[in-house]
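**Student:** Which chain is which? The protein sequence lines are A and B, in order.
For the first sequence, counting from 1, position 977 maps to 1038 in this note's numbering; every step adds exactly one.
For the second sequence, counting from 1, position 337 maps to 338 in this note's numbering; every step adds exactly one.
Think of the hints as simulated: they come from the structure by calculation, not from any bench.
Honestly, I wouldn't trust all of these hints.
Stated by the list, open to error - Listed below are several chain B residues computed to face chain A (Cβ distance under 8 angstroms; list not exhaustive):
| no. | residue |
| --- | --- |
| 1 | P81 |
| 2 | W84 |
| 3 | M142 |
| 4 | G143 |
| 5 | R144 |
| 6 | L152 |
| 7 | L160 |
| 8 | P162 |
| 9 | S166 |
| 10 | P167 |
| 11 | A254 |
| 12 | N257 |
| 13 | D305 |
| 14 | Y330 |
| 15 | W411 |
Where is the CB? At the ideal position from N, CA and C, for every residue including glycine.
One letter stands for each residue in the lines below.
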Amino acid sequence: MNMKEKPVMDLESVLNKLESSEGKQYWRSLDELAQGEGFQEMIQREFPRQAAEWTDPVTRRRFLTLMSASLALAGLSGCRPPGGKIVPNIKDPDGVIPGKSMFFATAMPLAGYGTGLLAESNQGRPTKIEGNVDHPASLGATDVFAQASVLGLYDPDREAGLTYVGKPKSWDDLVANLKAELTKLPKGKGFYLLTETITSPSLVHQIENELLKDYPEVTWVQHEPAASDNGIAGLTTAFGSALQPLYSVEKADVILSFDADLLGRGPAHLRYTREFSKRRDLEKLDSMTRLYVVESTLTNTGVKADHRLALRAMEIERMAYLVAFHLKIEGVAKPKGLSADAHFWAEVVADDLSTKGKGTTLVIVGDEQPESVHVIVAAINDKLGNIGKTVSYIDPVHARAGERSKSLRSLVDDMNAGKVKALFILNANPVYSAGADLGFKAAFDKVPQRYRMGLFHDETSRLCHWHIPDSHFLESWGDVRAFDGTATVIQPLIAPLYFGHNFQELLGGLSSRPNRDTSAIVKDFWKNWYEAPAQTALRSSVPFEKFFRKSLHDGLVEGTRALTKLVKLQVEAVASTIKKFEASSEWKEGSKDNLEITFRPDESVFDGRFANNGWLLEMPKSTTKITWDNAAIMSYQTALDLGVSLNTEKRPELTDGVYRSPAKSYGFTGGEHGRAYVDTIKLTIQGRDLVLPVWVVPGHPDNSINVQLGYGRERAGKVGTRDVGADVYKLRTSSEPWYALGLKAVTTGKQHVLACTQSHHYMEGRHLVRSGTVEGTKEDPNWVEAMGSGGEHDEHAGHDHKPGEHKHEEHKHEEHGKTSLSLLPEAVSEKYAYKQHKWGMIINLTTCTGCTACVVACQAENNIPVVGKMEVTRGREMHWIRIDRYFEGNPLKANSLKAHYQPIPCMQCENAPCEQVCPVAATVHSYDGLNDMVYNRCVGTRYCSNNCPYKVRRFNFLQYTDYASVSMKMVNNPEVTVRSRGVMEKCTYCVQRIRAAEIEAEKRGKLKAERENRDLDRAKDCQINDGEIVTACQAACPAEAIIFGDLVDPNSRIAKLQKKVAKMNYSILEELNTRPRTTYLAEVRNPNPKLETTGKGHG
Amino acid sequence: MATEVSKKGPDLRPDPQPPMVGGNHTFGTMTEKITDVIFAATPKGWIVGFAIAFMILQVLLVSLTYLIYEGIGIWGVNIPVGWGFDIVNFVWWIGIGHAGTLISAILLLFNQTWRTSINRFAEAMTLFAVACAGIYPLAHMGRPWFAYWLLPYPNTMQLWPQFRSPLEWDVFAVSTYFSVSLMYWYIGLVPDFASVRDRAPNQLLRMIYGILSLGWRGGSMHWHRYETAYLMLAGLSTPLVLSVHTIISFDFAVANLPGWHATIFPPYFVAGAVYSGFAMVINLAVPIRHFYGMKDFITDKHLDNMAKIMLATGLMVFYGYGVEAFMAYYSANEFERDLMMKNRVFGPYGYFYFALIFCNGLMPQVLWFQRVRSNEAALFVISLVVNVGMWLERFVILMSLQRDFLPSSWGQYSPTFWDISTYIGTFGLFLSLLFLFCRVLPMISIAEMKHLLPESHVHSHKDSHDHSDSAHGGSH
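Given only the sequences and the hints, what does the whole structure look like? Please build it.
**Tutor:** Printed below as a string of structure tokens:
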């Protein structure tokens, strides 16, 4: 890049021009500027497109230094209030208090569906996302994508220029051009609009009732690579109309899932996780729900299952019919094929489902499964009386439901036929994600006019005449509907950073009322909605302005939730589907020459849209713990069959009933923490091939390979472009988007380095995750403590232990009922007991689903840097909380698998090993018991980390924090120190939030004392209420598995919990006498005794 | 008393043993022989050797400069292995630095007069090794520019170091050891500086060595004070020999990490340090006596004695390995057992453990044979192997970090280019200093060597107080 030459126009003149220009919307004036040639040349220079080695931190830093000029430009529009009036959610809206953050309700659309959020704004900079408690899809929790969205907002790679064949154009040019194009075509015939899934009521209204009214021949096409319409199609068959299911997970005593990742994915997974965790309450063991999962790849739901059956994706249909057969659904014959295990399994599950009361069970199916599975599952739910109880149906929330999967194909046909005269693409990236069989790219060339509106100048934009920068959801108005139809008005928190525009503004410009900004368009829509006859009841109570204000404040529009529909099973249609299944199905055994390939959206980059987000890329995926890559996931047996070398000289050994890695192995997949050298494999299907690294996951069905979408982007930005995974869309067809047979796999003989934060699979017989069963707990309530009392115990202790088997230590620690290892008598230490506060945390392993939201939330809250793939391979990732994952069972038998998640933050030990060895007292105990890290004092000997048995300390081996780029400064939380090179850091229990709450409490106390005209009594007046302090990980957790609070206060939730489920409460490595503050609640499952006893053998 | 040294010295030497000074040396020839090295024209071999050493020293300087510029991340250290080559080499160099003081102080107190011909360069070696070692604790910090925070000094932050930390004890142990060793070495040099001064061919050298000799005139008062001071420093140094490595072993033993947390560490570390120290002395003595023709002063008997000490300390170290393994088994502690089996013996660096057992445990057993002990070349090779073995020992101990309590954070360590270059670079520093030492300082203690000559014992039985005066008269 040529940075030395002086740009034709410099920043100063841009600033001068901007300052002299008037008007509310500063970025508008930039468009006027943009008409000057000099500006564009500057933009061209300042936004070089050369890919840098982002994965290498050293090169990255150097690159960022060079980039700083362009980022200064980005910061130009950074701290200006957004246009229109926005309403804060919690705090007093009368003016901003400097240094004080405010929260605004908004929502994040993902694949069309919204999750309600509260965005924290620090003087106009959104820095952190929290969930909106009132929103049905959030209930206060968030997922990783929402947490990482702030980083996406500030992404310096977002394209900032509106261009026509590379030349700068203004917004008005664009509108004029589009108008001319549309009028040129008769009624808009030949003009195609390609969008992603849209649920936004105002946008749907604009397209359907404005654009399509003015130009009725315009064709609207939707493309959503990570979504499927199979469910809607199936329900259309089953019930006669297009429907979408809603589940009441909380009401279900038994849940059976067919390849549905209930807890890990989908627009409602946060809600379902919350509901599920409510039914996995350790205090109510008797009413614990039971989860059966049949799945084709290991998901978070599968890990939490009480019984999990791994089947190839194509076998699951058969399994569903087998269960239906045992449930005696009319017309279903016993299907052929499937293993004896599966047959037994189906029988037991069917028995369990049918013996429970009507309407107390729930059978669900993933959208990736074909139509006929949805039909039979609907029939099963009908038979079990679940409809209207645990499952209900609503009209599909997204526009033109059922068309998505077919419409892209018809678009390509039209393009090839020359019917498409102009194509406007909103956000979708079909050049990358269309699927290998469509030939989208070739057909695309035949379109004379191509428009692209998107956040990035990506693969699709590169082939388009026009590129229009889109605005991020945090910087634009809009609205979106949640899974249940509830609408949220999206409020912007910041004016567009990269001169982005909004599509709705563009549509407004094309309409008969052109000069409205998006806020007016959205408000107009809701005004019309409000004035419609259906809202009579609402209207009588509040005027619109107040209603709209309240909607903005609450983050949802009252009265928009979809009404459940009364449905009736179409018996004949179901019967004919069953017949069709019976007729069509011939049983195909899987083999290594005829493998199955399954496609899933990625946990980190989804369908590829987050491919430039460092937080997500560096997030260890929940079961594989891989970062910065995707891989071909297969079972241990399949890997052996294919001749993949496993870096293991011996297979895992079974000793004392526990699988352990043999001394020499590295845990049996790759290497260890950080670096994993794995074989690569060439996958070939229908003449297309792709090379991917192999990753073995126990519990994956044999002869099936799972691959994840979204990697191998050619133009994602500097972070996600080079060497970040492989593009599996090259193997994926639009006719078989989720699984396909006929895959061949051949090892290439080459190796690939994966950055994996935990490749060790086994607990090595240590009692880190203590896992048991409901039955076992009833038999022996003391099993958790017994497990930890040292020596070797069976991992299955929960159900194997007999009552009275263990000797309990005589000396009890008064506090937790734990054995005291201290030489000091408790009476003496009582003298030094914490009087005011004693913060503690409990992590509930029974409910944790390993979703990793806590990891990203912590990263966002605590300014944790991204270190890049190279540094992760060196074992230097910086996450303050990590989720350990352990496997249990025979790796050669997928169905014997049990996996465990264990989130590990700092234990905040009372008797902290790190504190004792720091030579400069840089880590010390605070008065309220925190294990404080004093960055300023740290000289970086790393002794504390060596001596930490939990290895939770993280060290800045290099200058990881990005000081160079302006936008990275903007994303930082001003309440948290930004760490420099050479300094140790670790989880602080979000000490900034604790101190903020203390200040608030003191203010409250002083005010109270003043009002009552008396002296301040600190102890009494300045009380912090329980629940007032919520750590970032806790706030994000959809399962409410993290509980934080004051252990001194007997009425706090945590103290009560410790008392109520004391027998389930344990600390890890307690024998080291570290006395951790972070303790765990044991993992308790509710397996079916019938499967548990007989299931052991067939495993 | 100093006088007793000279009085009892010869009595301790049974006749059949080979003499500690070979050839037919007098006071004069001895002084000449040793000081001539300083005044002679620079040998070509020295120039080549020094040039190479100096080049290697530049590797150290470049490595350290880049380290400070870029950060500790250029090394292979990570989480969980927070310490790698840095601490391995620190402990290794410190261990080497043990022989010098042991030879000069403990053997002096035990009246082992054979020590005199090797003590000077052994002490120099100690100082240089400690200097090499001293680089690491500073350089391995994340922010080495704040290293002085480890010193207890009054400051505006009103902060003191944290005295419970073994790293803090290290600061005192190593700095005390270095300063006492330096003082001890210097005091021992004073009479020799005077000898050099007296024989110096030009004014400049006379002035330099004159200043260094602190006005030494060889008066009886001088000798009296010198010997008193020397003995007192010997007394001071003796516990230091034990304390330094004991405290360095605390860096590990105090931590709760399996593989580190062991009570055997202090004695086992001290034995290991003496072991590697003597190996290094042999490694230096063999070439020095060869190239400088000092076989008369550093005799085969010396090598034999040193080999015996090596054998003894080697057996202690070997016992230590056995105890470690036994305790891991006998404690029934699953973490210790797994550490031993899954990491140390059969882990990723398992072959290092077997190499260690070979280098330190098995191979040195050949020293039981007199023929091996009297073979210069064999001793040189064995000493090299022992030094490698002792390096492996520290490496194996450090690598306990790889697999500790939670298998989720088990990880591996591999050194980077910069780890290795820093290590190689320290050899540059060590050798450069040694070359300079050989060139400008009397590498063998002239004054003390004279005690070993029959000349010095003429009057010894008559009047011990006169003795020192006359004994050293020849040096003037």
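**Student:** Against this structure, judge whether each hint is valid.
**Tutor:** Results for each hint:
For B/P81, the interface hint holds, since its Cβ comes within 8 angstroms of a Cβ in chain A; the closest pair sits about 5 angstroms apart. For the restraint placing B/W84 at the interface with chain A, the shortest Cβ-Cβ distance is roughly 6 angstroms, inside the 8 angstroms limit, so the hint holds. Hint status for B/M142: holds, given a least beta-carbon distance of 5 angstroms to chain A, under 8 angstroms. Hint on B/G143 holds. Least Cβ distance to chain A is approximately 2 angstroms, under the 8 angstroms limit.
Because the closest C-beta pair between B/R144 and chain A is about 4 angstroms apart, less than 8 angstroms, the hint holds. A hinted interface residue such as B/L152 counts as satisfied when its beta carbon comes closer than 8 angstroms to some beta carbon of chain A; here the least separation is about 10 angstroms, so the hint is violated. A distance limit of 8 angstroms between C-beta atoms decides the matter here; for B/L160 the minimum to chain A is near 7 angstroms, and the interface restraint holds. Proximity of B/P162 to chain A holds as hinted, the smallest CB-CB distance being about 6 angstroms (cut-off 8 angstroms).
Among the interface hints, the one on B/S166 holds; its C-beta lies about 4 angstroms from the nearest C-beta in chain A, closer than the 8 angstroms criterion. Of the supplied interface hints, the one on B/P167 holds, with its beta-carbon coming within about 7 angstroms of a beta-carbon of chain A, less than 8 angstroms. Taken as an interface hint, B/A254 does not check out: its beta carbon lies about 12 angstroms from the nearest beta carbon of chain A, beyond 8 angstroms. Taken as an interface hint, B/N257 checks out: its beta carbon lies about 5 angstroms from the nearest beta carbon of chain A, inside 8 angstroms.
The interface hint given for B/D305 is violated, since its Cβ lies 42 angstroms from the closest Cβ of chain A, which is over the 8 angstroms cut-off. About 14 angstroms separates the beta-carbon of B/Y330 from the nearest beta-carbon of chain A, more than 8 angstroms, and the hint is not met. Because the smallest distance between the Cβ of B/W411 and any Cβ of chain A comes to about 5 angstroms, under 8 angstroms, the interface hint for this residue holds.
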